[in-house]
Amino acid sequence: RKEVEQDPGPFNVPEGATVAFNCTYSNSASQSFFWYRQDCRKEPKLLMSVYSSGNEDGRFTAQLNRASQYISLLIRDSKLSDSATYLCVVSRNSGGSNYKLTFGKGTLLTVNP
Amino acid sequence: DTAVSQTPKYLVTQMGNDKSIKCEQNLGHDTMYWYKQDSKKFLKIMFSYNNKELIINETVPNRFSPKSPDKAHLNLHINSLELGDSAVYFCASSRPGQSSYEQYFGPGTRLTVT
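Sequence order for the protein chains is A and B.
As numbered in this note's numbering, the first sequence has no gaps in its residue numbers, which increase by one up to the final residue, 113.
As numbered in this note's numbering, the second sequence has no gaps in its residue numbers, which increase by one up to the final residue, 114.
Quick caveat, the hints were computed from the structure, so don't treat them as lab data.
Careful: at least some of the hints might be erroneous.
[What the hints assert, rightly or not] Straight-line distance between alpha carbons at most 30 angstroms, and here's what the computed BS3-like set of lysine-lysine pairs gives:
| no. | chain 1 | residue 1 | chain 2 | residue 2 |
| --- | --- | --- | --- | --- |
| 1 | B | K67 | A | K105 |
| 2 | B | K52 | B | K36 |
| 3 | A | K45 | B | K41 |
[Said to hold, decoys possible] Here are some, though not all, of the chain B residues that point toward chain A, as calculated from beta-carbon distances under 10 angstroms:
| no. | residue |
| --- | --- |
| 4 | P8 |
| 5 | G28 |
| 6 | F42 |
| 7 | S48 |
| 8 | N50 |
| 9 | K52 |
| 10 | V60 |
| 11 | P61 |
| 12 | F64 |
| 13 | Q98 |
| 14 | S100 |
| 15 | E102 |
| 16 | F105 |
| 17 | G106 |
[Said to hold, decoys possible] One-sided and incomplete, this derived list gives chain B residues near chain A with beta-carbon spacing under 10 angstroms:
| no. | residue |
| --- | --- |
| 18 | V4 |
| 19 | T31 |
| 20 | Y33 |
| 21 | K41 |
| 22 | L43 |
| 23 | K44 |
| 24 | P69 |
| 25 | A92 |
| 26 | S94 |
| 27 | Y101 |
| 28 | R110 |
| 29 | V113 |
What you are looking at is a predicted structure, and each value in this text was computed from that prediction instead of being measured.
The C-beta atom is built at its ideal place from N, Cα and C for all residues, glycine as well.
Okay, chain A solo, but in the shape it has when bound (with noise of 0.2 angstroms):
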């Protein structure tokens, strides 16, 4: 089993849909959370970090649920702009003060005029 695994997309959805994506991660000792973008050709860049609480950054909404070991990303009144591939990440601690990301493999998001 994949450490990050995510919906496998690809999603297309009318400018002003909402969108939901989806993933899950396999370590339970992962300790922080992320939701990546990564546009064509460009390197990923961080949207957003994720908390137990949940959080939201304008049109942005990330979850997390420890238990299921489940994380969230929901888009409000997408935009064209929006259009590109989400990363779900994970941390974990890989000895002293250091700590590793895992990727998951991304989800492409279209937003159609």
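Based on these hints, arrange chain B on the given structure of chain A.
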């Protein structure tokens, strides 16, 4: 004022050659990483250095040798290149000490081995 930079951006070379990719960060971070993103877009860590010391070495062939001359630089040398090495290689950096710290990625080096 690029935060994490890599050179070259594109690299096309023949099998059997040796090549290097350079990475520099001006964020003052102590930790740097090399990732490989293959044709299926799967991004996987290869190496991590903290203050010039190797701390993560995933199951990477020993043809790949990272070198960190100082904490702002992490270079990747690849010997005897193979077709399967074709991928995008990303350098990244972060502060050490907390799992919640963001990693900043360079623009990537697209390596094509023919």
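Now the hints, each set against the structure:
Using a Cα cut-off of 30 angstroms, the hinted pair K67 (chain B) and K105 (chain A) holds, with the two alpha carbons roughly 28 angstroms apart. As the CA atoms of K52 (chain B) and K36 (chain B) are separated by approximately 20 angstroms, the hinted pair is consistent with the 30 angstroms bound. Between K45 (chain A) and K41 (chain B) the alpha-carbon distance is near 15 angstroms, which keeps this suggested pair within the 30 angstroms criterion. A hinted interface residue such as P8 (chain B) counts as satisfied when its beta carbon comes closer than 10 angstroms to some beta carbon of chain A; here the least separation is about 15 angstroms, so the hint is violated.
With a least beta-carbon distance of about 16 angstroms to chain A, the hint placing G28 (chain B) at the interface is violated under the 10 angstroms criterion. Interface hint at F42 (chain B): satisfied, since its Cβ lies 5 angstroms from the closest Cβ of chain A, which is below the 10 angstroms cut-off. For S48 (chain B), the shortest C-beta to C-beta distance to chain A is roughly 7 angstroms, which falls under 10 angstroms, so the interface hint holds. Because the smallest distance between the Cβ of N50 (chain B) and any Cβ of chain A comes to about 6 angstroms, under 10 angstroms, the interface hint for this residue holds.
Contact between K52 (chain B) and chain A, as hinted, is not supported at the beta carbon level, the nearest pair being about 13 angstroms apart and thus beyond 10 angstroms. The interface hint given for V60 (chain B) is violated, since its Cβ lies 14 angstroms from the closest Cβ of chain A, which is over the 10 angstroms cut-off. Against a cut-off of 10 angstroms between C-beta atoms, the interface hint on P61 (chain B) is violated, since the closest Cβ of chain A lies about 19 angstroms away. With 10 angstroms as the threshold, the beta carbon of F64 (chain B) stays out of range of chain A, its nearest partner Cβ sitting at about 17 angstroms, so the hint is violated.
Here the hint on Q98 (chain B) is kept, as its CB sits about 7 angstroms from the closest CB of chain A, short of 10 angstroms. With a least beta-carbon distance of about 5 angstroms to chain A, the hint placing S100 (chain B) at the interface is held under the 10 angstroms criterion. Because the smallest distance between the Cβ of E102 (chain B) and any Cβ of chain A comes to about 5 angstroms, under 10 angstroms, the interface hint for this residue holds. Nearest Cβ of chain A to the Cβ of F105 (chain B): about 4 angstroms, under the 10 angstroms cut. The hint holds.
A least Cβ separation of about 6 angstroms between G106 (chain B) and chain A falls short of the 10 angstroms threshold, and the interface hint therefore holds. Because the beta carbon of V4 (chain B) sits about 8 angstroms from the nearest beta carbon in chain A, less than 10 angstroms, this interface hint is met. With a cut of 10 angstroms, the hint placing T31 (chain B) at the interface with chain A holds, because the nearest CB-to-CB distance is about 7 angstroms. For Y33 (chain B), the suggested interface contact is upheld, since its CB lies about 8 angstroms from the closest CB of chain A, less than 10 angstroms.
Taken as an interface hint, K41 (chain B) checks out: its beta carbon lies about 6 angstroms from the nearest beta carbon of chain A, inside 10 angstroms. Because the beta carbon of L43 (chain B) sits about 4 angstroms from the nearest beta carbon in chain A, less than 10 angstroms, this interface hint is met. With its C-beta approaching chain A no nearer than about 7 angstroms, K44 (chain B) sits inside the 10 angstroms limit, and its interface hint holds. At a threshold of 10 angstroms, the smallest CB-CB gap from P69 (chain B) to chain A is about 20 angstroms, leaving the interface hint violated.
A least Cβ separation of about 8 angstroms between A92 (chain B) and chain A falls short of the 10 angstroms threshold, and the interface hint therefore holds. Hint status for S94 (chain B) relative to chain A: holds, with the closest Cβ pair at about 8 angstroms, below 10 angstroms. A cut of 10 angstroms between beta carbons decides the hint on Y101 (chain B): the least distance to chain A is about 7 angstroms, and the hint holds. Among the interface hints, the one on R110 (chain B) holds; its C-beta lies about 8 angstroms from the nearest C-beta in chain A, closer than the 10 angstroms criterion.
A least Cβ separation of about 19 angstroms between V113 (chain B) and chain A goes past the 10 angstroms threshold, and the interface hint is therefore violated.
This entry does not satisfy hints 4, 5, 9, 10, 11, 12, 24, 29, going by the numbered hints stated previously.
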